[in-house]
Amino acid sequence: MTEKPIPPVDPWTKPYWDAAREHKLLLQFCPRCSKHIFYPRRYCPDCNSDQLEWVESAGVGKVYAFTVVRNNAPSAFIGDIPYVVAVVRLDEGVQMMTNIVDCDLDLVQSGMPVEVVFEKLTDEITLPKFRPVSDQAGRS
Amino acid sequence: MNTLKGKVAIVGIGEVPTGRYPERSAIECAILAAQQAIQDAGISKQEIDTVIPTAALCNAAFNTDLVTGRIVEELGLHVNNNLQIFAGGATSAVMLKVAAGLIATGTSKAILFVHADKLGTSITDQEGIDLFSTAGISKEWEVPYGMHYSTVAGLITQRYMFETGTSAEQLAAVCVSNRKWAELNPNAMFRKPLTIESVLNSKILSWPLHAFESNMLADGGAAFVVVSAERARDLCECPAYLLGEGSRVTHFALSQDADLTRFGYAQAAAEAYQMAGLTPTDIDLAELYDSYPIFQLIALEELGLCQRGQAGAFVLNGSTWPGGRLPMTTNGGMLSQGHTGAGGGIAILVEAARQLMGKAGERQAPRARFAIETATGGTYVDAHVTILGTEIP
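Same order as they appear, the protein sequences are chains A and B.
Residue numbers are given in the working numbering: position 98 of the first sequence equals residue 98, and the series is strictly consecutive.
Residue numbers are given in the working numbering: position 95 of the second sequence equals residue 95, and the series is strictly consecutive.
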């Protein structure tokens, strides 16, 4: 079985990964633009400021788009089939790619409220993923 | 305003059959396609002063050969410049606009573009999936979630169907439309008739995407020659003039695009129409980049050729098939001709020129005066719209 790909860590993204290990989802916030930023950047993509703050996300949002991978997965993910890849819109206004986990795959839909959960990948890397809020999508 | 409108034309095209040809090397494809294009242009090879080979993905050493002048030497050319232009699937459009700039400024007089790759037989199917689960996908923010290109298409298709109510049958009809054209294309990989039922009965890759709604990696090669409009008029009856172009880069990481059902096509098309002095009703041919059927539906709508949400019905009722009122992706696209990397889009550009030059044989569109073409690279990071025509309006 091919090993899972490990995301490379840059100095300016390290706080994000350190927090994920502690089961916290961090976003950047640009005080000058009053805007949340995801994914973590070296500079604000709008105003170029390097004075970006880290804030903890409420970790809730809605599924924007999703797909259920049933065949032809990358080697490292064949053992995970079927799995859901989704773009989630967080309440803070940013979008992120993720997996929807811990639910009936057939009940995932656009607009479904989701909340963050954390899956450990290595000692250093924990990935934020999402599951339906409360008891939606058949989660017991 | 000084634009690229009517400054240059494609005057020669070349292409080798696309498919699985283990005995045929990529350099042979490049040489054959380039020779054909020069011959088709009816110019002396010594008139070529610039060679632009795009990137081959199959083999880094072969790609370095292209960068360092192998085509020039193999063909016995004497040129001023050999350089690589590569923008993934959008290479076709980018090559053409760079060519137009080089020729319009007098930097170059005759440019030969070449593409050849061997993605059909130099790697296994799984290696192809693995290559396209990393190439152009964010290693930090998207690769770790099991993304690859079928997944990208699945996400976009799901959201588009959700917003527009487009049906699975309508999406499958795009594959059938492309196949009907490929049946008439001797260079296509898949030429057997295809039905909507067989598309919908093929296995699910990334729901809602079916296997027959996915392109197939292939070996192939294509080339074309671009000269000034003045020189083009000396050389051929029906040169394919560049009339308009526009483009937008909307994202790198797919998740960062706020609207996965539109991308930058509407803005790109507005620029291209304005430059050409044409409107959607003037368009005779839509040579739309496929790779997956969803991108032809989005382009039909965003280019103003159909109302939003109506493209699926338009294709299902046969409007884009041979004999229909808007022939679309008439080489069969990457879904039926095959996907050769950067060459998928180049084959579509070459097909647009072929139709305008009246050289499309059995699949020649009866009226081919103005063609609109799209191209996009990576995870559909950019939207390029190009308008070509047999006359300069």
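The reader is advised that the hints may include incorrect statements.
To spell it out: a stretch of chain A is covered by chain B in this simulated footprint if at least three of its residues, at any positions, have a beta carbon under 8 Å from a beta carbon of chain B; those stretches are [as the list claims (entries may be wrong)]:
id, stretch
1, 20-33
2, 69-79
Straight-line Cα separation of at most 30 Å, DSS-like style, residue types lysine-lysine; simulated pairs [what the hints assert, rightly or not]:
id, chain 1, residue 1, chain 2, residue 2
3, B, K139, A, K120
4, B, K139, A, K35
5, B, K203, A, K4
No lab work stands behind these hints, which were simulated from the structure alone.
Small disclaimer: the values here were computed from a predicted structure and weren't measured.
We treat Cβ as the ideally placed atom computed from N, Cα and C, and that holds for glycine.
Hints versus structure:
Evaluation of the coverage hint for the stretch 20-33 of chain A: breached, as 0 residues show C-beta separations to chain B shorter than 8 Å, against a requirement of three. Given as covered by chain B, the stretch 69-79 of chain A passes the check, having 9 residues with a CB less than 8 Å from a CB of that chain where 3 are the minimum. Between K139(B) and K120(A) the CA atoms are separated by roughly 17 Å; this keeps the pair inside 30 Å, and the hint holds. The hinted pair formed by K139(B) and K35(A) meets the criterion: a straight-line CA distance of about 24 Å does not exceed 30 Å.
Note on K203(B) and K4(A): the hinted pairing holds, with a Cα-Cα distance of about 25 Å set against a maximum of 30 Å.
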